[in-house]
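Engineer: Single-letter residue listing:
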Amino acid sequence: MAEALLTLEGVHTYIGQYHILQGVDFTVPRGTMTVLLGRNGAGKTTTLRTIMGLWKPSRGKVIFDGAEIGGRATPDIALAGIAYVPESMGVFADLTVRENMVLAAQKGAPDAARLEWIFGFFPALKRFWTHPAGVLSGGQKQMLSIARAVVEPRRLILIDEPTKGIAPAIIENMIRAFTELKRDETTILLVEQNFRFAQALGDWAVVMDDGRIVHRETMAELSADTATQTRLLGLSLETHG
Amino acid sequence: MINAVLSGDLPRSRVLSAALVVILVVLASAPFIFDGAQAINTSAKICVFIVLVASYDLLLGYTGIVSFAHTMFYGIGGYGVGLALYGWGATWSSAATGLVLALAAGIVLALVIGLFSLRVRAIFYAMVTLAVASAFAILAGQLSDITGGEDGRSFRVPELLRPGFRLIDAPVLGTQITGRVIAYYIVFVSALVLFLAGLRIVNSPFGRVLQAIRENDFRAEALGYRTVYYRTAANCLAAGMAVLAGALNALWLRYTGPDTTLSFAIMLDILLMVVIGGMGTMYGAVLGATLFIVAQNYLQKLMGTASKATEALPLLPNLLHPDRWLLWLGILFVLSVYFFPTGIVGKLRQRRG
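Quick mapping for you: the protein sequence lines, in order, are chains A and B. Numbering-wise (the numbering used here), the first sequence opens with residue 111 and increments by one. Numbering-wise (the numbering used here), the second sequence opens with residue 212 and increments by one.
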């Protein structure tokens, strides 16, 4: 396995009085896509938000490229090279598509060649470049949310359920985009319920349940093992195409 | 050229553009087209409030910060210039020193309040500003040896701004160029420059980050922006603009006191002007301030005329009596919020869309 870029060691996170993450341990190898799977309420989104510093872990370590980032402020974590695509997309509706992209660029104006590369996957963003992001459809907002995360090369991208409620044609474009990112050896941690999407892209599968990691193997192994899929995820490829 | 002056933020509505041009032309020529003190006073007040409301829009409309301390900064500007001119003599250097000290005090206070309380939830920040502003108003009222207490301070302004001063002997376009006319143009030009500066701020990359914070502060943080710093910077900029508006007001009135600067009623007026004009638009400050102040000053007169005209009818003359002007202003406000929930500017821009 490649060297770990991100490691979680015994991470516990509370949201109010609720003990959501109960000792999460896993690693994200450098240059690969790790898919975090699990039933609703297993703690997948909380894991991403804890890595991003939006929730503070009460115990345990979050180690990014050798440095502990567990107690650091969210902007510092973002500036360390971690991009986050939340499930809610979080586009700034009153700002134009262009302004959304400019805000996401940490090193000045976005690079023109990089933008053209992004428009190749998500042409709607070019069409609506000067329009407020609020007028975009749900799928287009998701494109913008992902485009913001990749407007500059990032060391790690956290993506939370990008396919939720999105049209199949857009999902195909997402698969192309993520495949390209993987070719560039970008490290991605993806939370996903759409198993076919996860299977198409993932190198590693990590399964969560009740705030803990309960299973870890390569995506190829999990794809071949329908019994484990049914037992851990309550799904099978036949029912979740 | 116009695009550059307006920082690329054009009105985006013909009706709005026309209204803005009319307001600009009327305010620019007010001393030449109006007779009598009331119209000029109203025009000067509109200029001052455009700056004050625009600076509050920077906070509320663009950054999503609810503050009740805006009149405190307005008061700091008024007292800074007023007390300097009162205590150190009616010279330009006194006014300038007072202004610089007021600006420094206002910005430092905004910085302290911001750094200590902008981390907490919006409602707590609003409460903190309310408490600080109330304490400041009480302090200004009680330190009567310095501030003149509840009576405030009347002071002399530099000779150039006095009513008896004549710039040239012959009238220009039928108007004598007195110190009052010069004072009016200082207020007008300063307000115009400050408004355009506000427009530049909100359309800068800094302004875009403020808007992003208003929409989704967690998301802005996840993009790498330290929201507390940006909020505090916006707080300081808005406070600085309010200080300057207070200084202009004091120079125009030649008086400073709690009723004209620190009262909670003024804070409510500012809020109403922002909401009526349209939050997060800057141009809303121009329309909101103009409509509100014109209504405040002329609604009573209009109602007096209407009351006399309907003398023969039952009930109506009573309802239209000038003493009921606040009732009608309230009804106008409720109707405007009902019909224009995004403010007049928002509605005009929607119509275009």
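Check the hints yourself; a few may be wrong.
[Said to hold, decoys possible] Among the chain B residues that face chain A by a calculated CB cut under 8 Å, a handful are:
#1 Arg-377
#2 Val-420
#3 Arg-465
[What the hints assert, rightly or not] Incomplete in silico selection of chain A near chain B, CB under 7 Å:
#4 Tyr-124
#5 Gln-127
#6 Tyr-128
#7 Ala-188
#8 Leu-189
#9 Asp-204
#10 Glu-209
#11 Ala-214
Don't read these hints as lab results, they were simulated from the structure. Even glycine gets a Cβ: it sits at the ideal position worked out from N, Cα and C.
Engineer: Now, for every hint given, state plainly whether the structure supports it.
Structural biologist: Hint-by-hint comparison with the structure:
no.	hint	verdict
1	Arg-377	51 Å, violated
2	Val-420	7 Å, holds
3	Arg-465	42 Å, violated
4	Tyr-124	18 Å, violated
5	Gln-127	19 Å, violated
6	Tyr-128	19 Å, violated
7	Ala-188	4 Å, holds
8	Leu-189	5 Å, holds
9	Asp-204	6 Å, holds
10	Glu-209	5 Å, holds
11	Ala-214	5 Å, holds
Violated hints for the displayed structure, listed by number in ascending order: 1, 3, 4, 5 and 6.
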